[in-house]
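Chain order of the listed sequences is X and E.
First residue of the first sequence? That's 263 in this note's numbering, and the numbers climb one at a time after it.
First residue of the second sequence? That's 210 in this note's numbering, and the numbers climb one at a time after it.
Any given hint might turn out to be false.
[Unchecked claim] Residues of chain E placed beyond 12 Å of chain X at every Cβ, according to the derived structure:
1. 299
2. 365
3. 415
[To be verified] Derived lysine to any residue pairs resembling SDA-like cross-links, with alpha carbons at most 25 Å apart:
4. 417/E to 309/X
5. 448/X to 293/X
6. 465/X to 351/E
Since the hints were derived computationally from the structure, they do not count as laboratory data.
Built from N, CA and C at the ideal position, the CB exists for glycine as well.
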Amino acid sequence: MFGLIVMIMFDLTIGYFMLKSHPHLFHPINDMGFVKWVDTYGKNNLYETAWLFFLIIFMAILSVNTFICTTKRVSVLFRNQSAFNQTFRFILKLAPHIMHYALLIMLLGYLISYLSAETYLSNILLPEKSLRIPNSSCEMHLNRLHIDYYQGERLQYMHNRAINVQADLTIQNKEKTVTSRLGFNKPVWFFPYSIHLKDFAPKSKSGMNRRAYIDVIIKKDPGLKYYFSGMILFTFGLLLYSIHWLTQQKKITEE
Amino acid sequence: MKKIKQWLIGITITLLLFSGCKSESTKSVKEKDVSDFTFMSIGSFSVEQIEDNWTEVRDGAGRTLVLIPHGTKAPDGYEPYQVVHIPVKRIVAYGSFDTAVLKVLGVIEDVLVGVTTKMEDWTIPEVISGMKQGKIAYLGDYNTIDFERLKAQEPEVVLTWDPSIIPMLNEMGVACVITSTPVAMCLTARMRFVSFLAPFFNREKEAKAYFTRVSQSLEQIRKKTLNAGPKPKVMWGDIYEKRVLVEPGNAWVGELVGLAQSDYMFNDVYGRSCIEISLERFLYSGEESDILFTYRTPKTGATSKMALAKINPMLAGVKPLKDGKVYSPLTNYSQSGDKLDEILTDIAAILHPECYPEHRLQYFTELPEKDPKRIM
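Only chain X is shown next, with the shape it has when bound in the complex (with noise of 0.2 Å):
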């Protein structure tokens, strides 16, 4: 176990060097999905990716070596339910078991992401124009389009330029409709699709004269669930695992 987290650790630094010099070679998994990067990007740049592959051989050792651990001692721990005289007190000794668990059902979402999630790139949407979510009978409107710029005089460099972005969005089918404001920390969510804000123009109110737009992608991801369970059970299994902590501590300072 310790010579895998070594490998893992050294894969890992020489993919942070790849990463940094071949940018391009990596970008494209986000959208097109891993299978289809693996037989472009990633067998035509092997020297580049290589450490890649590596990663994600080592990640499902990893992971299997976690759930076989974690079941046997999950398992003892059943057997030997009777022995705490307390049900809380069994439950808190299941709190790194079910943060090791999480940590699974997060990789999970993540693998389901990279193989089968749908992202569809540069949606462009202008004021009072619709566009239909590629291979789908939605149609998103673009009803307004916000835009803040500063007008401080403290920073005169960024004067006239954007600070803030909102666009208000109609988003339809033939069931339901549903209208929200998309940011760039915000966004949207049209089940089973996510609308993102990438890009927006115009940027400022004086140099080159922009044409107002709204660039957006569209994500359709099944994994999402995965690993957003994960991460709430993960929190729980923290909490619990916090508590246990802190009883010890409690008696350690009784005694």
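Given the coordinates of chain X, work out where chain E should sit on it, guided by the hints.
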């Protein structure tokens, strides 16, 4: 068991170490034929030959387009606006580099039907004569495109850097190719961009010939400047009214400066071409630099060092203006992408004039201290 583990770790680490090692110097000279590739990545662009009659390309914005011969049914899974029938017969180009690439491919006179630069601003003879004959139309400035005129020109493809026209082009059934990238093109991507456009016209051979020519010129530069004198410190950018724009270290110019035994002062800056940096950062590099390449042309005010300093007094403090050299691109510079080898040689000759004693600059001009006095 312990020994096996140690061996496994050792083998994996060795494999990982070798996975990152590749000689970049051999990459440029031992290029494969373009037709040898089933997949080729060119910076943010890519070309993938899926079947004989089916090529998939990815443009600078990451949009996928499918290229199929005229008269062939498009494969399933693509929207109509993603389908391009090849060879493309009518094309509109926004950028001058894209237009120059059409010249490289030998199709400029046959396919170019629209541009966004006025006739008087062109230096490419084929474009000027095409505009005079009425075959190539001026479609208006980038932000005031005359879409009626564009429609009348019946283009099959529009090459542009402006994504805001995509919805209109989709409505008109015209394919749009974004030729700008979110991150500046590196030297290899700049040289190979021609291979991205080549499949649109079935001109892979011409693309390969161009790439070989530019690669050889780069190799010449490498050899000539290998033992050159002290490394000059170079900066490429300018100060505007409220913005400071430079070429980042990942851009082809930054890479070329390094290759020609010189120090590029914005090597630590990463991002798109013409990236904005703080004034302080620019002035800091300006204290040490020997050579400044300005974006301004003599037409836009770069007639002398004094004229530049007059436009922006902050610029007067940088070393190249005080006791170094300042170079301004000539009008033909941005429209001579087809002569990239000559441009690269021009830059190398500026950085190391001692290696190019006979060289006469064709795309840049050195700014004098003052404008010559006008005789009234």
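key: Broken hints, by number   = none
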